[in-house]
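*Asks:* Which chain is which? The protein sequence lines are S and B, in order. The C-terminal residue of the first sequence carries number 605 in the numbering used here, and the numbering is unbroken. The C-terminal residue of the second sequence carries number 104 in the numbering used here, and the numbering is unbroken.
Hints listed in this document are in silico derivations from the structure and should not be mistaken for laboratory results. A couple of the hints might just be wrong.
[Claimed, not checked] Some chain B residues judged to face chain S by a derived CB distance under 8 Å, without partners named:
hint: 1; residue: GLY41
hint: 2; residue: ARG94
hint: 3; residue: ASN103
Every residue gets a Cβ at the ideal spot worked out from N, C-alpha and C, and that includes glycine.
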Amino acid sequence: MIDRIPSGFHPFVIPFLLGMAFVLGYCAFGLFRIIKQLSWKERRKLAVSLITPETVVKNIRDIFCDCLFHVKLWKRNKLLGYMHSSIAFGWFMLIVLGHLEVILFVPKRINLFYYPIFFNYFVAEDEITLRGSLLFFLMDFFLLVVLSGIVLAMIKRVSSRLFGMRRTARPSFLNLVGLYALWAIFPLRLLAESFTAHISGGSFLTIPANWVFRQFLGNELNMLPTWWAYSIALGVFMCVLPFTRYMHIPAEMLLIPMRNAGLKMVDARKGFTRVQVLSCPNCGVCVDACPMSANRANLKDCTVYLTRQVRRGNERRIEQISDKCLMCGKCKEVCQVGVDGAQLRLMQRARRQYGFSPDFSNLPQSQIISSSSQKNEKVLYFGGCMTQLTPAIGKSVESILRKSGVDYEWMDREGGICCGRPLYTAGRTREAEQLVQKNQEIIKNSGAKVLLVSCPICYKMFLEHYDLNDIRVVHYVPFMLDFIASGKIQLIQSEVSYVFHDPCELGRGCGMYDEPRQLLKRVAQIREAEKNREMSVCCGGSLGSLSLDFAQREKITRASLDNLCGSGADAIATACPLCKTTFSRYSDRPVRDLAEIVDELIIDN
Amino acid sequence: MTDFGFSISKSATIDMDAVDMELYERVCRQVPSARICMSCGSCSASCVAAPYSGMSVRKVILALQRGKDVRTMLSNCMLCGKCSMACPRGVNTRNLILTVCRNL
Ligand code: SF4
Ligand code: SF4
Ligand code: SF4
Ligand code: SF4
Ligand code: SF4
């Protein structure tokens, strides 16, 4: 390989250079701003993690797995995974191999960073090309890989169903410009390299193309225009990149180290939140996943639109989208980059201004007097507001406690105060904190060693926001499993088959998937719904949503019921009073809480 | 005047022409379901805050229609959502409460 152009420059590289300069400048400035927005502690955390070998290895692995190979998308749908990783990894390899070519053949040009991109224009083949044939082959191969990805992307625009997606996000205008520029880059590169292939050499793709073109087009005349076009496409793409979803490419590189450093969302817009918002590539996977989108409703309130509106700063829409969400956490579960849609909305809710705020200082102080019988460890049962609305659940839990001979006390039998989670998810954190303080005091003064809850909403709140010293917080499901294991209660088998609905707060919220199934298996047949565990569909009654009205909730509930009933089970089992109430409203078969099921099947001694 | 030990109670009449409905209307625009409340009182019966601040969504809606103050009632609402679960008319009570709080 020898240099063909002595100066090593041609004006056609200018569009590319301009685009590159712009995008690099923009990213450097953005990086500077985001680092400045971080608190001193966060900055230290990030810096420490960047020099800790384990996190560095994890960062590199994550960048490869998430940004280049899109491992999570592969798991979702093979075609979708191939499409994204072929473009990302193929492009990455083209850049790497381009650099390798420059280093090997024209090392003196390595300081010109447009050289690897336009290598084939600037060089001519000489006798000793054999050394390069493998590289040429690989270049063509990866170009083909990228092109196949682009073809798939075009097909996906027309028919997303093939890719396992019923609905996708609609791209905005600038996104379309970016999209078409991206689509143009690689076919143009193929043309450009083909027209030059008789000079610079090529491989299985470019050499035959060169031969074909020579038959009717002639290569010399077309060479420069196509290289110009290629460079312009690159330039356009890079110039619009910061304003389109393609910003996710640089943003994700920052998101991964930040996440691995343990940074959390603490501001509604700035710092880590900003990076997360920019990292959303608008893939639209969250649209189908969102339970609100049942019956094609609320399509524009999914997380992909939230990240878009936050970028645009459209406050009215941000508010609408934030208030509607059920906070079920499913979009985070399916999201390949880990955008936490619910948390992002919570941050938006928390910054809202209220003209009036509740104040709970008048609430009575601790009512429960310590009656600690030191022999057994005392269990304090907290039913929670929703259990008060479904008295059967509370009674069943109490009955089981009695039958197993546990020393217990029912904290809110005569009505208590809320755990604070609804206030918290509504963004009224300071007010929720007051309730937390009140409850904390009551619980600590009770002399109990265990706090038993039957509502997963409260459970999550107690786990995450309460400081209860050595008092153990348990949901009744693992507690009953203990009773069974230790022989405190004996059960008979029932003939009824149940499908278990994973409540959002218990499953995705607290990661408890297996225990309820173990418990259910002990007493009845168990069927599985098509979407279960992490993919479980919210019942629609969630307190997370502020603005969804009853009619809209009904659609969500019915869609969730359809998913459960598809399993053909006789009845629905759940472990949350709110899910039970919500389903009971529309279900054609019985909906029962695990506590009720178990209590009924205990053998009385 | 002779003190009889009792007096005529003050008139409870509300002059609807003098009532400022501005807040009620504003809330109804944002939470249309506020208009379909039938004052059944299910919400009041289930309310967690009722014993502490006399909270009742029914009364809040009524007070808004009469232009009366609702702050005391609202001051203990825990947003627990029992009222919306209990409401037979499907009034979005929690959103109503939050909207009132924002507009006060
Ligand atoms: S939030 Fe996640 S799933 Fe949704 S579009 Fe963005 S990247 Fe895709
Ligand atoms: S948290 Fe649930 S309801 Fe909210 S946007 Fe995500 S998937 Fe939809
Ligand atoms: S989380 Fe819900 S059910 Fe539990 S105490 Fe709070 S409001 Fe009541
Ligand atoms: S949300 Fe407020 S008004 Fe409704 S039941 Fe709970 S405390 Fe009462
Ligand atoms: S339960 Fe519903 S309809 Fe009945 S008074 Fe309350 S808000 Fe009105």
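*Asks:* Does each hint fit the structure? Answer for all of them.
*Replies:* To see whether the hints hold, each was checked on the structure:
no.: 1; hint: GLY41; in the structure: 16 Å, violated
no.: 2; hint: ARG94; in the structure: 6 Å, holds
no.: 3; hint: ASN103; in the structure: 6 Å, holds
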